[in-house]
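Residue numbers (my numbering), protein chains in the order written: chain A, 1 to 265; chain B, 266 to 514.
No wet-lab data here; the hints were simulated from the structure. It is possible that part of the hints are untrue.
Said to hold, decoys possible - Computed Cβ-Cβ distance ranges for the label pairs, DEER-style:
no. : chain 1 : residue 1 : chain 2 : residue 2 : range
1   : B       : Lys373    : A       : Lys199    : 55 to 61 Å
2   : A       : Ala21     : B       : Val438    : 48 to 54 Å
3   : B       : Lys493    : A       : Val46     : 53 to 59 Å
4   : A       : Phe50     : B       : Leu279    : 39 to 45 Å
5   : B       : Lys400    : A       : Arg37     : 34 to 40 Å
6   : A       : Leu257    : B       : Asp326    : 22 to 28 Å
7   : B       : Ala378    : A       : Arg237    : 31 to 37 Å
8   : B       : Tyr379    : A       : Leu257    : 47 to 53 Å
9   : B       : Leu279    : A       : Arg237    : 19 to 25 Å
What the hints assert, rightly or not - Here are some chain B residues pointing at chain A (derived, C-beta under 8 Å):
no. : residue
10  : Asn329
11  : Tyr347
12  : Phe349
We treat Cβ as the ideally placed atom computed from N, Cα and C, and that holds for glycine.
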Amino acid sequence: MRAGTATLDVRRLVGRFTLAATGHVGRISYLVLEMIRALPEWRAWVPRAFEQAEAIGYGSLFIVALTAGFAGAVTSLQAGYQFTGSIPAYFYGGVIVESIVLELAPVLTAMVLAGRIGARFAAELGTMRVTEQIDALESLGRSSVSHLVLPRVVAGTLMLPILVVFADLVGILAGWFAAKGSLHMTNADFVYGAQYFFKPWDLWYSMIKSLCFGLAITVVPCYMGFSTKQGAEGVGRSTTTAVVSASVLILFLDAALAKLLLKPA
Amino acid sequence: MIELRNVSKRFGDLVVLDGVDFEVRKGETVALLGPSGVGKSVLLKHINGLIHPDKGEVWVDGLNVPRLRRRELARLRSRIGYVFQYGALFDSLSVAENIILGIVDEAKAADKAYCERRVRECLELVNLDPAVAEKYPAELSGGMKKRVGIARAIAGEPTYLLWDEPTSGLDPVNADIIDSLVEKLDDELGVTSVVVTHDVRGAFRVADRIAMLMDGRIRAMGKADDLKASTDPAVREFLERDLTIPVTH
Numbered sequence: 001m002r003a004g005t006a007t008l009d010v011r012r013l014v015g016r017f018t019l020a021a022t023g024h025v026g027r028i029s030y031l032v033l034e035m036i037r038a039l040p041e042w043r044a045w046v047p048r049a050f051e052q053a054e055a056i057g058y059g060s061l062f063i064v065a066l067t068a069g070f071a072g073a074v075t076s077l078q079a080g081y082q083f084t085g086s087i088p089a090y091f092y093g094g095v096i097v098e099s100i101v102l103e104l105a106p107v108l109t110a111m112v113l114a115g116r117i118g119a120r121f122a123a124e125l126g127t128m129r130v131t132e133q134i135d136a137l138e139s140l141g142r143s144s145v146s147h148l149v150l151p152r153v154v155a156g157t158l159m160l161p162i163l164v165v166f167a168d169l170v171g172i173l174a175g176w177f178a179a180k181g182s183l184h185m186t187n188a189d190f191v192y193g194a195q196y197f198f199k200p201w202d203l204w205y206s207m208i209k210s211l212c213f214g215l216a217i218t219v220v221p222c223y224m225g226f227s228t229k230q231g232a233e234g235v236g237r238s239t240t241t242a243v244v245s246a247s248v249l250i251l252f253l254d255a256a257l258a259k260l261l262l263k264p265a
Numbered sequence: 266m267i268e269l270r271n272v273s274k275r276f277g278d279l280v281v282l283d284g285v286d287f288e289v290r291k292g293e294t295v296a297l298l299g300p301s302g303v304g305k306s307v308l309l310k311h312i313n314g315l316i317h318p319d320k321g322e323v324w325v326d327g328l329n330v331p332r333l334r335r336r337e338l339a340r341l342r343s344r345i346g347y348v349f350q351y352g353a354l355f356d357s358l359s360v361a362e363n364i365i366l367g368i369v370d371e372a373k374a375a376d377k378a379y380c381e382r383r384v385r386e387c388l389e390l391v392n393l394d395p396a397v398a399e400k401y402p403a404e405l406s407g408g409m410k411k412r413v414g415i416a417r418a419i420a421g422e423p424t425y426l427l428w429d430e431p432t433s434g435l436d437p438v439n440a441d442i443i444d445s446l447v448e449k450l451d452d453e454l455g456v457t458s459v460v461v462t463h464d465v466r467g468a469f470r471v472a473d474r475i476a477m478l479m480d481g482r483i484r485a486m487g488k489a490d491d492l493k494a495s496t497d498p499a500v501r502e503f504l505e506r507d508l509t510i511p512v513t514h
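Using the sequences and the hints, build the whole thing.
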């Protein structure tokens, strides 16, 4: 009898989860559709997108540089620890550059921005929702999507690839210096290894990934902020859910894109 | 003219509106009375399409609001000023910028001199010093925020004004000032108004007709004297609580 009840509860739980997830997917799709419809209202969203781009890009440079720098240096040190003596020195250049370009720079930058930008978007829009500012905007005959969502999504999606290129440069430089300092490899070895393993597609792949991550870390938090209910507690809940969901989505997209776009030679 | 026909709305299991019929004629001020949490604001938000009914029709100037397309709805909303319960001012914008956002005509909104003049006019209409224009909402008192919210709602020269609890949370002096403002703006601007409130005295003072919303339906509707003469026990009980204090017109 108890086992039967437990089975029923699990079924109910799965059912509820499925319903909730389907509801979220449906509402996010509707928001995306609304964004596409709002695209012709460029007078409303373009100037605001520039403001957001400045806040996202310039405001994130330090934290992105810090993260990429440490990631590059640690990759270099760990490569030295694992492979010293077993592979030629120039391999390190390839390992460091490829790790940073293909994985570390896009994923870590997106994760950092999911926290920094995602939380901000969800909290801003959530507060605007519970204080009726979004209703006020709509009641003035202005689209909340073109004034609030589209500028954030466009700015975030376009700024992420730029920040990832910046992270690539900082990460590679930090890895290079760490390799020179701890592995005593020459500049020529590093450059030769980096060029030997590098394929132009790697950079394209990194950019495609960044665009997808950019969409994930902007659309999800904007949706969460828009759906906020129940005052300050609701804003807190939306913010947490936005960061967690965006981070999980980044990992999911990372795996899916690697499977789809990276084919062994 | 505003007309709600058999409007029903539920949130989850909670039935808020259950077949509401409600009509506001051109140029009149109708107060929508009822206890807190009965669905007055929900009804008001149906009028400018912020909430869509589950059932029934909402008509404004011959337009079926829930069926309007995006642009048609935006055009209709530009003719309806909405005064929010807590002002709903954009806290990242100054008072002047908030009011300018209320100027819905794009050509006028782009004219800097017109905007400055309109901000000053609107602030004067709501009895606020034009110097307030440079302040931010966080620097204003509750009563001032409400008045700036009113200034924003009238900046676009609307033909309808929807007032959501304009006096709630205010001390009696400020509530009186806001009631006077409702009367003054309705007279001076000639707008059609719906005032949602649970303040019986304020409703009797500002409204041409009064509607009582209870249990998801309009329980009674008519002129002040009609409502005072109502034999419905629920209506009498609600009114008598506040009308022991004399009302001045």
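Results of checking the hints against the structure:
no.: 1; hint: B:Lys373 with A:Lys199: 55 to 61 Å; verdict: 57 Å, holds
no.: 2; hint: A:Ala21 with B:Val438: 48 to 54 Å; verdict: 52 Å, holds
no.: 3; hint: B:Lys493 with A:Val46: 53 to 59 Å; verdict: 57 Å, holds
no.: 4; hint: A:Phe50 with B:Leu279: 39 to 45 Å; verdict: 43 Å, holds
no.: 5; hint: B:Lys400 with A:Arg37: 34 to 40 Å; verdict: 36 Å, holds
no.: 6; hint: A:Leu257 with B:Asp326: 22 to 28 Å; verdict: 51 Å, violated
no.: 7; hint: B:Ala378 with A:Arg237: 31 to 37 Å; verdict: 46 Å, violated
no.: 8; hint: B:Tyr379 with A:Leu257: 47 to 53 Å; verdict: 51 Å, holds
no.: 9; hint: B:Leu279 with A:Arg237: 19 to 25 Å; verdict: 21 Å, holds
no.: 10; hint: Asn329; verdict: 18 Å, violated
no.: 11; hint: Tyr347; verdict: 4 Å, holds
no.: 12; hint: Phe349; verdict: 5 Å, holds
In the structure shown, a violation is registered for the earlier hints numbered 6, 7, 10, in ascending order.
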